[in-house]
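Listed below, chain by chain, are the residues.
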Amino acid sequence: MLDNNGYFLRTIGLQLRFGGVVALWDVTTNLRESEILAIIGPNGAGKSCLLNCMNGFYHAQEGDVFFGEVNISRLKSYKIARLGIARTFQGVQLFPGLNVIENLLTGRHIYMKTNPVQAFLYRPWAHREEIRERRKVEEIIDFLEIKHIRHKLVGELSYGLRKRIDMGRALAMEPKVLLMDEPMAGMNLEEKEDMARFVIDIREALDIPVVLVEHDMQVVMDIADRIYVLNWGNVIAEGTPEEIKKNPEVIQAYLGEERSR
Amino acid sequence: MTMKSAAEKNWAKLPDILNEGIETLPQLMLYQAGRFGDRVLHRKKDFGIWQHYTYIDVVDQVKNFAMGLAALGVKRGETIAIVGENEPELFWSEYAAQSIGAKVVCLYPDLTTSQMEYVIIHSETVTIVCEDQEQVDKALELEEKIPAVHTVIYWDERGMWMYDDPKLMTFKQVQEMGKDYIGKHPESFEGEVAAGKGSDIAVLSYTSGTTGLPKGCILSHTYLFDTVLRIAGAFPMKPFTQYLSYISPAWGTEQMFGVSMGLLVPFVVNFPEEPETVQENIREIGVETLVFAPPQWESLASLVQSKMIDAGRIRRRLFNWGIDVGRRVNVGKLDGEKISRGWRLLYHIADRVVLRHLRDNLGLQDSYFNLSGGSGMAPDVFRFFHSMGVKLRSVYGTTEMNLLTMNQGEAYNLETVGTLLPVLPRLGPPLECKTTDEGELLVKGGLGFLGYYKNPEATAKRMKDGWYCTGDVVNITERGELVYLDRLDDMRRLSTGHLYPPQYIETRLRFSPFIKNTMTLGDDEKPFVGAFIDIDASTLGPWAEERKVAYSTFTDLSQNREIIELIKSEIEKVNHFLPEKSRVKRFVNLPKELDPDEDELTRSRKIRRDFLEKKYANFITAIYSDKSEFEAKVPVKYQDGRTGILKASVYINDL
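Line by line, the protein sequences give chains S and B. Take the first sequence: its position 45, counted from the start at 1, is 45 in the numbering used here, and no numbers get skipped. Take the second sequence: its position 173, counted from the start at 1, is 173 in the numbering used here, and no numbers get skipped.
Bear in mind the hints are in silico, worked out from the structure with no lab data behind them. If you're wondering where the values come from, they're calculated on a predicted model, not measured in any experiment. Hints may be right or wrong, so weigh each one.
What the hints assert, rightly or not - Think about it this way: if two alpha-carbon atoms lie no more than 20 Å apart in a straight line, the pair counts; the simulated SDA-like pairs of lysine to any residue are: (1) Lys147/S <-> Gln51/B; (2) Lys147/S <-> Trp50/B; (3) Lys147/S <-> Lys44/B; (4) Lys637/B <-> Glu190/S; (5) Lys152/S <-> Glu280/B.
Input sequences plus hints: build the corresponding full structure.
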């Protein structure tokens, strides 16, 4: 999936405008193989917009998005999903009336081939498919340690667990890249630690690179390999957590400027 | 028919393993594999499906792992430590180590690193078998302090992708080494197993250490056979009984049941998917025998009660009616009463309408042999289960002297822990018991106490003229049933000279769905009994919500006026059964939950009295002053390891 430069996913000179409002301005980023990449920035910096451009929810007016060698900037989001870019959302977007297994199975829809007639007759087509897909889902249940709630309705679960299932559904697609929009938002310390461990596990065990939009600086500094900092739609810095911590522009964007006396 | 002949009948149904020359667990495993071959011994839920392992599978796993250990240089008489949740690999590791004559020490998976260090060093462990990353991390953290450990093995490879310590190996890698070894030395496994002797140490069982450093109690193979045959003599069990292995093998009781009895009876030993799914798993497999410690039975009972608190009015009344009928009939039967035809009919209806469904929902419909191991569970809990139609029996013993008594037969007194168990004559003389003037129970018989590992002084301290001193205060009834009162060290004398049983009071208080834990106060400097109450937020939270009682934190909830009134009424219920001078007079609700991570509870969730007395010394001073409120400061340790001070205004409440 890599292009000539060893990049997995790239945005080149993205410009996104909503009427007169400039959301992204000349944003060039790249994601390397097996990397946890964090995108940080103050509120309204354009982080979620950038993620939305990557998976085709928004189409930038200027610039391109490359997934390996493929230019995906004009593709519809469902096509991008089929190519292997999965994402989770800031708010949880699950089916509250379905149980955990069923919610995870919805992530497998791109692999299901049974047609309505076969499904009606059930055996052997739908039966075989169900066994295969259920097995995949069970692997994810095992991976995310949610065995004790597999039959629970998602609507009854705590927020932290729903976030985990949201992530599970994205993993059910067997993606090549995972985009995560604020996975730690609204979580308590313990849930955050769990989530951070799963993000690291996704990279280490499944070898899936992760793009992470996150507000919690401590988490980002702990788990990210590399960070992009956005402010007012511009990339103002790029580097390892150590470099970013020391970057004066970042400090200014986050803490503001000292007022001259 | 006398007790003895009943035991002989029960023994006759089992294979005569002693005549077959079987002395060790691995020998028993091979013998049973020869008889049952492709029948199921172990089952474990994996990827949502129950996977089974037949005798042939298990022998294969054990054999490869055993010879892998041999190839790693583990020798006869050396020690293997195993730490993890109950999983097939844990049992296989144990049988494998014993196959090559090594002894096993099982550790509770939630031990802290320093607690683990002591046992590993004291037991002279050479190899640690870990479940997963969590345990491996602890073992590696100790690496420099435990140089004798040459290999750390793990079976769950999750999260272990980036580890490259040279001492680390996976369970499968060791088995591969074993296969190679067997290739070069065929029959070596069978030879090693045959060389085992009954007197070999099978397990070192470290006592949970409510007081002082843990002591490693020696359990030989013969000891384990002795225990299994005591139970099997007292109660006939069906071959291939469905058993759920949940209590930790670090506790001697599981060594006796899952590990040893599992092979002899034999059981189908089922392993829960996760500790959180136990309740669900019990129901899926339809357990036929269940051995829990009192806290687990208690929590099962409070689960039912708290669910009924949430239920609608009609259902609640129906439930109460069903339980009342069940109590009248089943508990009546236990007391040897004759049940009239009218009640029997009523029971039939109650069973159809309520009780059967309760049992079914708990997964206990088919469970014919239920034990509460350990001492001191409130008889109310027993009565509750009996009312439901679940025959719950008490079994009492010490790790040192093996299982001693059990509620036997069909009529027994729930206030007691039962009568002495039979001993197979070839293994030792029958059990005998007597009490000292102070009420301490002394026992002898059976195989007897084999001693603490490398600790002859402590061993000698427990023996007096050939009797083993249990340190437990009991009362022996005319029918020979033992009433467990308390630990001798824990019976307390008030400054007025009155002796009162703290544990007796505590277990009865713990049965309240609103009280999670409690500790009674009162000694020779204090004139009355006081108590710390650790409230149960999981039931009080919803209780408060339902009544629109506002609260923010646990601390706030604990000091809420209405909550205090509720707890007061719960204590009064217990006080009602106590003599005037033993009643709880003043109490406080602790402003934080007791936590084993802060050493306030032992790993088996018993309170650590001495520690709490020091940590909450100012609470105690306040209870025995005339104050009704005071400003408390409590050191706390947060989940992430940080520490802080909790400040709260705490009420002292009078009864």
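- Message: Next pair to validate is Lys147/S with Lys44/B; report whether the Cα-Cα distance is within 20 Å.
- Response: holds, 13 Å
- 20 Å Cα cutoff - pair Lys152/S, Glu280/B: Cα-Cα ~12 Å, so holds.
- Straight-line Cα separation of Lys637/B and Glu190/S no greater than 20 Å? This hinted pair holds, its Cα atoms lying about 14 Å apart.
- Going straight from one Cα to the other, do Lys147/S and Trp50/B come out at no more than 20 Å? holds, 13 Å
- Message: Tell me if the straight-line CA distance from Lys147/S to Gln51/B falls inside 20 Å.
- Response: Distance of about 15 Å is within 20 Å: holds.
The structure meets every hint from the earlier list without exception.
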